[in-house]
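Residues in the sequence shown are numbered from 100 upward in steps of one, following the numbering used here.
Do not rely on the hints blindly, as some may be mistaken.
[Said to hold, decoys possible] Distance condition first, Cα-Cα at most 27 Å in a straight line; then the derived DSS-like pairs of lysine-lysine:
no., residue 1, residue 2
1, K324, K383
2, K405, K574
3, K383, K628
4, K383, K405
5, K574, K555
6, K383, K574
7, K324, K405
Just so you know, the hints here were simulated from the structure itself, not pulled from any lab data.
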Amino acid sequence: MSGLAGTTGFGTQITGVSLWEDANNDGVADATQLGSTQTTATANVVTFSWTTPTTQVTGGGYSYVVVAVNTGTGVAGNTLGLTVEAGQVQGTGASTSRTLSSTGTAVSNVFNFANPTDVVGVSRGNAPVTAGQININQDNIPMMQLRLAGPGNKAATVTGITFTNAGTSWGAYETAEVRLYYDNNTDGQLDVNDNLIDTRSFATTTSNTVAFTGLNIPLAQNGSKTVLAVLKTNSNGISGNTIALQLPTNTAVTAISSVTTSLSETPLTAATKTFATGQVTVSKDAELAPAGVSPGARNVALMRLKFTVSGPAVKVSSIKVDNTYCIGTYDEADIDSVEIYRDGGDLSFSATGDLLVAAAGVTGLNGGSGTASFTAGVGDTVRASAEGYFYVVYDVATTAVSTRQFGATLADNTYIGTNSIGTIAATNFPIQIGAEHSLPVEFASFTAEAVGQAVKLLWATESETDNLYWIVERKEASATDATYVQIHRLDGMGSTPYRTDYEFVDRSVVPGTRYAYRLTDVSRYGVRKTHDPVEVTAGAALALALGNAFPNPANPATVWAYSLPDEQSVRLAVYNTLGQQVRVLVNGRVAAGTHQARWDITDDNGRAMASGVYFAVMETPTSRLVSRVTVVR
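Let the sequences and hints guide you as you build the complete structure.
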């Protein structure tokens with residue numbers, strides 16, 4: 100508000116000025132106050148600002164009430180004059196003709212705002228888009244709501260809108276299309292009430308502009324329309340990259356030649372949308388290390404790393420490699436540099452065909468490490484739609500000592516850098532070379548079988564060299580957060596050209612639970628090789644039961660199967676029809692599991708029993724079970 104004129108003293112006779120909505124045009128401050136009461140003026144200007152409620156000039160104008168708050172010390176005859184200017188609209192009530200009272204009563208004056216002549220006003224709509232996260236392959240993302248206001252003296256037509264992306268995303272590389280809708284209910288959201296105007300895309304992969312040309316958006320005199328820009332992303336969105344649509348200058352919006360366009364602020368920028376954080380999983384796709392190298396060897400490929408991602412793409416920016424693996428003698432002086440190459444697409448390393456993205460010296464005692472950092476380009480960005488492959492390569496020093504060893508280890512997920520944009524999964528680490536080459540165990544088979552309430556593991560090797568021992572590990576296969584835990588260790592055969600069979604029975608399982616087991620063989624040099632896991636479901640919990648005799652009729656013998664859920668005292672005896680005991684088959688503590696009791700049709704003294712009906716009675720501390728059998732001689 101400008102032009103605070105007159106002879107009334109501001110701050111003495113007038114303590115402040117306030118601004119109110121006047122939707123019913125009654126000139127009374129009985130609606131919503133906009134902003135706070137202003138008690139100071141700078142250069143004769145009082146400024147009001149607010150975020151809610153949002154207001155706009157609609158066809159026919161909109162009224163506001165300006166209220167002067169008196170102190171009760173007003174001087175008779177002093178005056179207060181007010182003129183108003185707010186963005187692209189001006190007030191038509193220039194000064195008050197009402198008498199200022201010295202009683203402290205608020206005095207108001209109505210100012211009606213109308214659109215300027217020959218100008219299309221462009222501003223944010225009633226429901227500006229808010230900042231937030233977006234994802235890959237996401238559609239219907241509200242990006243920018245615009246209010247287009249017709250001139251105060253004529254109708255007009257908007258013919259073009261060119262948006263600029265003020266964010267960091269790469270144009271058409273990360274987005275599929277931008278659509279423009281009439282936002283008929285002015286809610287800033289795409290819904291069934293809205294009508295499509297046009298669909299366009301960013302001009303090129305790296306372009307930051309998308310132009311809607313040939314539009315025909317009609318605006319009535321003093322009328323307005325609200326439009327909504329909506330985005331669709333593709334599968335290439337990069338973690339942390341941003342998109343913020345912007346109208347940089349008045350020329351970003353074009354209209355018929357008889358009017359000009361004017362932005363409420365320059366540039367006019369929407370809230371920023373940010374791609375969510377993707378996660379990369381790194382694995383050793385192939386081991387390429389030779390059994391040995393000569394001093395001075397260059398471009399020695401050690402392994403190919405595979406990068407896969409879930410969610411938005413992640414820019415790989417550094418890879419750290421340690422020149423170590425297990426026991427042995429390592430020296431950083433043996434390695435001139437560690438180099439990272441990006442695969443050219445054929446999954447076959449070539450120092451000339453693949454791209455060298457970074458190299459680093461190897462420093463530090465007892466082997467040391469080298470971190471190859473690089474500025475990520477499009478090719479170094481791992482996307483959900485395509486894996487990324489990188490090679491770890493050494494240049495060996497000419498002074499390398501042939502009796503020493505070399506290795507390559509990525510100890511944990513901190514060895515992969517993403518400039519803190521995107522995360523690296525902790526699975527598969529450590530990633531390293533050496534096991535396949537330095538531990539030649541010829542693995543033949545590995546099986547797991549549920550036996551009663553235990554699990555039996557069987558595995559075999561065709562030959563072994565320097566195999567010191569085996570490690571047996573187990574985890575619950577159905578638990579997503581379960582990790583392998585060592586449950587057993589047994590000796591290997593050292594070096595042998597013959598087949599060796601191994602067995603281990605795991606009696607600590609929970610019946611009905613599915614487990615994964617894996618084996619690791621460890622050489623006398625400490626080199627480890629972990630083999631693929633196998634899965635098995637442990638036997639279900641047994642119930643207390645006494646089965647039927649078999650065969651029945653019995654001659655010359657019969658067998659009863661019985662099961663126990665846990666170890667307990669059991670007495671199983673045979674009785675005749677008179678209830679007389681003729682033979683005790685079991686009497687004592689019996690382990691949990693399934694068992695058998697055989698009766699050879701004799702009594703406790705070894706005398707043969709006559710034909711007839713007999714009963715097997717099994718007694719435990721909690722139960723008494725009976726099974727009938729017929730003897731036929």
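Okay, the hints, checked on the actual structure:
1. At most 27 Å may separate the alpha-carbon atoms for a hinted pair to count; K324 and K383 exceed this at roughly 57 Å.
2. With a C-alpha separation of about 25 Å, the suggested pair K405 and K574 falls inside the 27 Å cut-off, and the hint holds.
3. A hinted pair counts as satisfied when its Cα atoms are at most 27 Å apart, and K383 with K628 qualifies at roughly 14 Å.
4. Taken as a hint, the K383 and K405 pair is honoured in the structure, with Cα atoms around 6 Å apart against an allowance of 27 Å.
5. Among the hinted pairs, K574 with K555 is consistent with the structure: their alpha-carbon atoms are about 15 Å apart, no more than 27 Å.
6. Between K383 and K574, the direct Cα distance comes to roughly 22 Å. Compliance with the 27 Å bound is thereby established for this hinted pair.
7. A threshold of 27 Å between alpha carbons decides the hint, and for K324 with K405 the separation of about 52 Å lies outside it, so the pair is violated.
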